[in-house]
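*Asks:* In order, the protein sequence lines correspond to chains A and B.
What the first sequence shows, in our numbering, is residues 187 to 494, in sequence order.
What the second sequence shows, in our numbering, is residues 187 to 494, in sequence order.
Any given hint might turn out to be false.
Same chains, same label: a pair holds when it works inside one copy or across any pair of copies.
Simulated crosslink set (DSBU-like; lysine-lysine; CA at most 35 Å straight-line) [as the list claims (entries may be wrong)]: (1) K350 with K432; (2) K330 with K359; (3) K238 with K291; (4) K238 with K431; (5) K283 with K364; (6) K236 with K432; (7) K291 with K319; (8) K330 with K291; (9) K380 with K431.
Everything labelled a hint here was simulated from the structure, so no lab data went into it.
Number of protein chains: 2
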Amino acid sequence: MTKFNVLILGNASAAPSLTRNHTSQLVNINEQYFLIDCGEGTQIRLREHKIKLQRINHIFISHLHGDHYLGLIGLMQTMNLLGRVNELIIYCSENIKEIIDIHLKYSRGTLSYPINYVTVSSNQSELIFENEKVEVSTIPLKHKIPCTGFLFKEKPKSRRINPKAIQDYNIPKHAINKIKLGEDYESETYEIVKNELLTQDSLPSFSYAFCSDTAYEEKIIPIIKDVDLLYHESTFHEEHADRAKKTFHSTAAQAALIAKKSNAKRLIIGHFSNRYPDLNLLLNEAKSVFENTRIAEQGIFFDVQNSQ
Amino acid sequence: MTKFNVLILGNASAAPSLTRNHTSQLVNINEQYFLIDCGEGTQIRLREHKIKLQRINHIFISHLHGDHYLGLIGLMQTMNLLGRVNELIIYCSENIKEIIDIHLKYSRGTLSYPINYVTVSSNQSELIFENEKVEVSTIPLKHKIPCTGFLFKEKPKSRRINPKAIQDYNIPKHAINKIKLGEDYESETYEIVKNELLTQDSLPSFSYAFCSDTAYEEKIIPIIKDVDLLYHESTFHEEHADRAKKTFHSTAAQAALIAKKSNAKRLIIGHFSNRYPDLNLLLNEAKSVFENTRIAEQGIFFDVQNSQ
Numbered sequence: 187m188t189k190f191n192v193l194i195l196g197n198a199s200a201a202p203s204l205t206r207n208h209t210s211q212l213v214n215i216n217e218q219y220f221l222i223d224c225g226e227g228t229q230i231r232l233r234e235h236k237i238k239l240q241r242i243n244h245i246f247i248s249h250l251h252g253d254h255y256l257g258l259i260g261l262m263q264t265m266n267l268l269g270r271v272n273e274l275i276i277y278c279s280e281n282i283k284e285i286i287d288i289h290l291k292y293s294r295g296t297l298s299y300p301i302n303y304v305t306v307s308s309n310q311s312e313l314i315f316e317n318e319k320v321e322v323s324t325i326p327l328k329h330k331i332p333c334t335g336f337l338f339k340e341k342p343k344s345r346r347i348n349p350k351a352i353q354d355y356n357i358p359k360h361a362i363n364k365i366k367l368g369e370d371y372e373s374e375t376y377e378i379v380k381n382e383l384l385t386q387d388s389l390p391s392f393s394y395a396f397c398s399d400t401a402y403e404e405k406i407i408p409i410i411k412d413v414d415l416l417y418h419e420s421t422f423h424e425e426h427a428d429r430a431k432k433t434f435h436s437t438a439a440q441a442a443l444i445a446k447k448s449n450a451k452r453l454i455i456g457h458f459s460n461r462y463p464d465l466n467l468l469l470n471e472a473k474s475v476f477e478n479t480r481i482a483e484q485g486i487f488f489d490v491q492n493s494q
Numbered sequence: 187m188t189k190f191n192v193l194i195l196g197n198a199s200a201a202p203s204l205t206r207n208h209t210s211q212l213v214n215i216n217e218q219y220f221l222i223d224c225g226e227g228t229q230i231r232l233r234e235h236k237i238k239l240q241r242i243n244h245i246f247i248s249h250l251h252g253d254h255y256l257g258l259i260g261l262m263q264t265m266n267l268l269g270r271v272n273e274l275i276i277y278c279s280e281n282i283k284e285i286i287d288i289h290l291k292y293s294r295g296t297l298s299y300p301i302n303y304v305t306v307s308s309n310q311s312e313l314i315f316e317n318e319k320v321e322v323s324t325i326p327l328k329h330k331i332p333c334t335g336f337l338f339k340e341k342p343k344s345r346r347i348n349p350k351a352i353q354d355y356n357i358p359k360h361a362i363n364k365i366k367l368g369e370d371y372e373s374e375t376y377e378i379v380k381n382e383l384l385t386q387d388s389l390p391s392f393s394y395a396f397c398s399d400t401a402y403e404e405k406i407i408p409i410i411k412d413v414d415l416l417y418h419e420s421t422f423h424e425e426h427a428d429r430a431k432k433t434f435h436s437t438a439a440q441a442a443l444i445a446k447k448s449n450a451k452r453l454i455i456g457h458f459s460n461r462y463p464d465l466n467l468l469l470n471e472a473k474s475v476f477e478n479t480r481i482a483e484q485g486i487f488f489d490v491q492n493s494q
């Protein structure tokens, strides 16, 4: 069983409060860390959870509004101070480099590690990261400035060896790897044992979609179709739907409608305007459209593999 | 009695921790607020103390190392969100404008209020702010990049009316203002009453000097001579004096020596490297040179008028 969870480091929209940090999330897929967004104070929230900063090699920035990136330079500086050597890969619109460079210029700072800037486009969904087990694609969102969400998807897993069948058919050890890859077994006497007899179905692959900031945008539905866990911003209550439209944000009901239409298994809502001291107002609104909704509470881990 | 205090909002050097924010201080002189430095997270610390952000009209940035200014843009954005109208005056080296402008450019942001950038030089002490009661001058510091401290000085106060003498000499009300300004009283029959007979000595004027970041620098001594409260960085213990020299920072003993040589009444030390979990190590080092020293504890108000 692989690990696949999301730690909410902040759920505030524009103005942070004592209990609500600006947006940031840490995705942990089998102990590989991916940081999404990095609002002011993110490095402190990471310390609070005893996350080793140097284990973060990939940072995804959705867009260049301050509440989504103003903690990045501070985090990078602390990584530097701690003697980081490994490359840091930053996925963002191309302008992030200019912002970081001007800071380094005036602070006369150099970094002890290289940065690899991966420019993401907000026009179409594209694959921006891939390893053996996971791929990350962008989700073009509809916001005031270029903005992308991120879809984390486990690749299809290989079939699992059935230990009893391996024993029953007397399969030698050297043949196991090929069977794992789906091949039939052929013995020295040319007898064939079908792969299905030797293996069990593979474990399911899970997916997580991060969609913030965005107005209600049905174009994202085919991209996030059947996602296991969907984070969708819900800055406003329906009562402030006009304000949501004007500022290119979503209401809780709109977030829930996207979850419903995309057949998501579960929805978490966040990026709350601080005009709502009681978030149940937003939760109940979303639940009336899509029952399996939860608040993206700061400090909470969401297990992507658990649909409850 | 006027109010003159300093609220410590952060005392960490480069890497912040859960309990030590990056540098920021709020100087309150008779309910007029002056913010010095604005490290990441400062707006949260201000909220913690229920400080009304819109009452801050003057922000002094010592230098462009991230731990002294990376909270500024977030604070400015929250001020904007809260509908600020009043001008914000930022005192810093000229490059701060470029940093803020590039952020506004890529976030396509506009501010609801004007910014007045006052460029400070780090070559000589100069008067950068003055009103009826207070003046603020720069203190050229010795750091890796241009860096200035700030000296807050109450102007000499007027003599105080002696109510009993006013009664005894039958002074009419209309003459009081001139007497407050130091004039003698001349009656309608040309009798003169000397000002000294009608007034008491003025209350003392107090001063606060903020010196961070800096290597040991005796040139600042004449500028901060006889200061009531001196904040001097003490990033390191004497054990790491080499590191202090290399990074243009001070040890606790050096901070204390500056306090002693400038005849300060009281010293507070801060900007601590997080290699020292127990700050008493630094406090004791400073006290061995200058007894009246205290730790600049986060969340503490220091009364500039109280030398204990």
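*Asks:* Does each hint fit the structure? Answer for all of them.
*Replies:* These are the hints, each one checked on the structure:
1. In this assembly of identical chains, the alpha carbons of K350 and K432 never lie at most 35 Å apart, being 62 Å within a copy and 66 Å across copies at closest.
2. For the homomeric pair K330 and K359, neither the shortest alpha-carbon distance inside one copy (58 Å) nor that between copies (63 Å) is at most 35 Å.
3. Taking the shortest alpha-carbon separations for K238 and K291, both the intra-copy value of 27 Å and the inter-copy value of 33 Å come in at or below 35 Å.
4. Taking CA atoms no more than 35 Å apart as the test, K238 paired with K431 passes between copies only; the shortest distance there is 30 Å, against 39 Å inside one copy.
5. In this assembly of identical chains, K283 and K364 lie within 35 Å of each other by CA distance neither inside one copy nor across copies; the values are 45 Å within and 62 Å between.
6. Only between protomers do K236 and K432 lie at most 35 Å apart by alpha-carbon distance; the minimum there is 31 Å, versus 39 Å within a single protomer.
7. Neither within a single protomer nor between protomers do K291 and K319 lie at most 35 Å apart by alpha-carbon distance, with minima of 38 Å and 38 Å respectively.
8. In this assembly of identical chains, the alpha carbons of K330 and K291 lie at most 35 Å apart whether taken from the same copy (29 Å) or from different copies (13 Å).
9. When the C-alpha separation of K380 and K431 is checked against a cutoff of 35 Å, the pair qualifies neither within a copy, at 57 Å, nor between copies, at 72 Å.
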